[in-house]
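Engineer: Listed below, chain by chain, are the residues.
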Amino acid sequence: MAGEGVKLLGYWASPFALRVRSALKLKGIEYEYQEEDLGNKSPLLLQGNPVYKKVPVLLHNGKSISESLVILEYIDEVWKHNPLLPEDPYERARSRFWAKFVDEKCVPALVGVITKVGEELEKSAREAREHLKTLESGLDGKRCFGGTKIGFADVAIAWIAYWVRMEQEAFKIQLIDQQNMPLLAAWIDYVLEDPVMKEFMPPYDKLVKHTRDLREKLTAVVSN
Amino acid sequence: MEETGGVKLLGFWVSPFAQRVKWALKLKGVQYEYIEEDIYNKSPLLSKLNPVYGMVPVLVHNGKPISESIIILEYIDEVWKQAPLLPQDPYERAQARFWAKFAEEKVRQSVWEAMCSSGEEKQKAVKSAVEAFEEFEKELKRRGTKFFGGETIGFVDIVAGCISYQLALHEEVGSIKILDSSKFPAISEWIKNFLNHPLINEGLPQKDQMFAYFSKRSKEIASQKMSHKTA
Chain A
1 MAGEGVKLLG YWASPFALRV RSALKLKGIE YEYQEEDLGN KSPLLLQGNP VYKKVPVLLH
61 NGKSISESLV ILEYIDEVWK HNPLLPEDPY ERARSRFWAK FVDEKCVPAL VGVITKVGEE
121 LEKSAREARE HLKTLESGLD GKRCFGGTKI GFADVAIAWI AYWVRMEQEA FKIQLIDQQN
181 MPLLAAWIDY VLEDPVMKEF MPPYDKLVKH TRDLREKLTA VVSN
Chain B
225 MEETGGVKLL GFWVSPFAQR VKWALKLKGV QYEYIEEDIY NKSPLLSKLN PVYGMVPVLV
285 HNGKPISESI IILEYIDEVW KQAPLLPQDP YERAQARFWA KFAEEKVRQS VWEAMCSSGE
345 EKQKAVKSAV EAFEEFEKEL KRRGTKFFGG ETIGFVDIVA GCISYQLALH EEVGSIKILD
405 SSKFPAISEW IKNFLNHPLI NEGLPQKDQM FAYFSKRSKE IASQKMSHKT A
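Quick note, the sequences are listed as chains A and B, same order. Going by the numbering used here, the first sequence opens with residue 1, and the numbers climb by one from there. Going by the numbering used here, the second sequence opens with residue 225, and the numbers climb by one from there.
This is chain B alone, in the form it adopts within the complex (with noise of 0.2 angstroms):
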């Protein structure tokens, strides 16, 4: 029986968090009003849906919010059963739970700091970067599969997906090379095969806005970084 009782989304047009939530909302069918909050101008509502962080994704139901991308992954899954995103075996779900937290830790934070950094911090950021992505292809390779979480897309594929629309531009605004096809046959394959599905390709921001948004982010933390060292 679906659930019906209104699901709202508190996102931020190039947010990877509330892309997560987005896509896992439209794998399942669910209906939702989407509300784009400002991070940089925060509105009440979202300082009072979420006071701890005062962070997008917030994913309100029954008038009740949930924070967190992942926690609220876990929860759509929870209360929506169709197309399940995590596996129903114990096992399976804590390796899915353990490279979702990879991707995320390792995987795209990496890549974020390897952007927003330089010298020799960048030069770090990118080793350990491309050490993660080697973890990550070794296990995708493993599987053998379409998708890590099979032949669907499941649970990490959803957390795991922000590279494969923002990890070019991170490269390119950062100056930097990770994903080299002929070093990561499978994450390239497994990335093609992503955005080849109608519901993640949908809707996804504009390259050109999200390239000035990251140009202009980068430079933002590079100069926060400056200031900090020279105070």
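This is chain A alone, in the form it adopts within the complex (with noise of 0.2 angstroms):
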């Protein structure tokens, strides 16, 4: 499906780009990906996220939209097949409510977790495990966050699914137990396996290496 003049402004290990990207593949909206280096943003991002100068940043038209979950709302409304958010508002209120509930609870405890040494690292990591079994309470019993195939929440959330493996095996920690969250880890399960959501998974070994690097860099800077 011809995109107009669509061009997406990412990073391959960002998961705020990841949402964008699967959410332009599940309408099949065909789209300019650039790669941005993110210690020598490109003028078109600078300009194209003035406030914030940040990834992700869609262009359409003309015109730049920024932060992730927004993008995932104009691409709803814009390109109005396959809907990501339900038509239900008190549905959509949900699906809102836990992709809002993942940026505002369970990132700060997993870059915790890749930030911080000792006692504080045991803190993140004990905030991430409450944040992802009270994640799982919005499956509501379900397959996954939109009910029965994947939605907003979904495509909000996936990533989830892909760092917290990763952070468990870079580090070392248990963040996610088959017996305690039984429902997530099967969502997790669901979710890297469909097609669509893996397709724009980074490559697991290149984040895992660039996860550790990170946390050389930031763990130094904070004993030295």
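If you are wondering where the hints come from, they were derived from the structure by calculation, not from laboratory data. Don't be surprised by glycine CBs; every beta carbon is placed ideally from N, CA and C. Fair warning: there could be bad hints in the mix.
As the list claims (entries may be wrong) - Pairs of lysine-lysine, DSSO-like flavour, derived with a Cα cap of 27 angstroms:
no., chain 1, residue 1, chain 2, residue 2
1, B, Lys348, A, Lys53
2, A, Lys105, B, Lys272
3, B, Lys288, A, Lys133
4, A, Lys53, B, Lys351
5, A, Lys41, B, Lys362
6, B, Lys288, A, Lys142
7, A, Lys105, B, Lys443
Claimed, not checked - Here are the simulated distance ranges between beta carbons:
no., chain 1, residue 1, chain 2, residue 2, range
8, A, Arg143, B, Pro311, 31 to 37 angstroms
9, B, Leu419, A, Lys123, 38 to 44 angstroms
10, A, Gln179, B, Gly368, 55 to 61 angstroms
11, B, Asn265, A, Asp103, 25 to 31 angstroms
12, A, Ser42, B, Glu344, 31 to 37 angstroms
These two chains come separately, so use the hints to put the complex back together.
Structural biologist: So this is what it looks like as structure tokens:
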């Protein structure tokens, strides 16, 4: 499907850019992808997101949209086939709620696992586990957040499946287990098997190395 | 057709988040039952309706609870289509959502932090707040309209609106100055216009009560921070 000049500025390891790539794929929208060097941001990025200067930025019809969840809503409104959000206002509110919960609670805890050491790391891991357990309640016993098939919340949250597994392996900590969070564990398996969801997940080993390097750099700063 | 299924709002008298929802319901002429919650002594009802956060506001409509003020605003706009809060055009809607998020995370949040902190932390927070105000001022100027939403109050105005009646008090309590009207003429004018609207100004909490509350909270937060440091 022709995207009428759709371009996405992203970064390979960014879960926020991943959301937008998955959404565009689900809708079958053709677009040009531009990989950004975050240490040397392009003029297009700086112009497209002057407030935050961050990826992802969607460029469409000469205009720029920033903030991944705002972009998802935009995509859903412009290209109405294969809707991401459900029709019912209450269900829409629920989808938005869980997407926001992940950004507000899970992200800082998962970032804490990367950036902290010792007791602070333990605390972050504990918080991450708590929030993941709460996130499981959002499934409401269903296969995915969208109900029977992948929707807005799943697209917004899917990267957690990948990142949690990656952090567990990279840092030898437990964040999720089959017994404690069986539904969420099943959702993780489901999402990681979905061809659209997994298409843009960054190469696993590359992400593990990238995260370990990031941690070394950040924790060295802390201990100096 | 107006939905009349029971609408309840759980709020807290001084909460800017609950105020957003009150404004939206009032602007749309939606009747609702208001339930005052003591957020320091939460009712079983609140815990039941918002199990994840246990916070206000919670909108209950047809027996179903919706939490998070900005999400509630989107819900209200979708259910009651009169006096729309968001624009029609998808790009304009995206811009409104972007600036609403900015107003909440950068503008309101930074002012609160600046009020509640001290020393170097306070200086940093004030700097962040001023920078946020500068961005907001720029965008308001660029739009050149009476409100963010145009000639009528919209989504961003409602989300940012808490600064219209609480900012001056935060500045006083926190001994900080952020809104210099010579530096921020567009925001100052916007605040005047916003508060001029009868439905906006109606029923706002009393200034002296808010002042007392913010003073108390500010001291509590400061002492919590101290005890964390010395622990």
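Engineer: Are there hints from earlier that the structure breaks, and if so, what are their numbers?
Structural biologist: none
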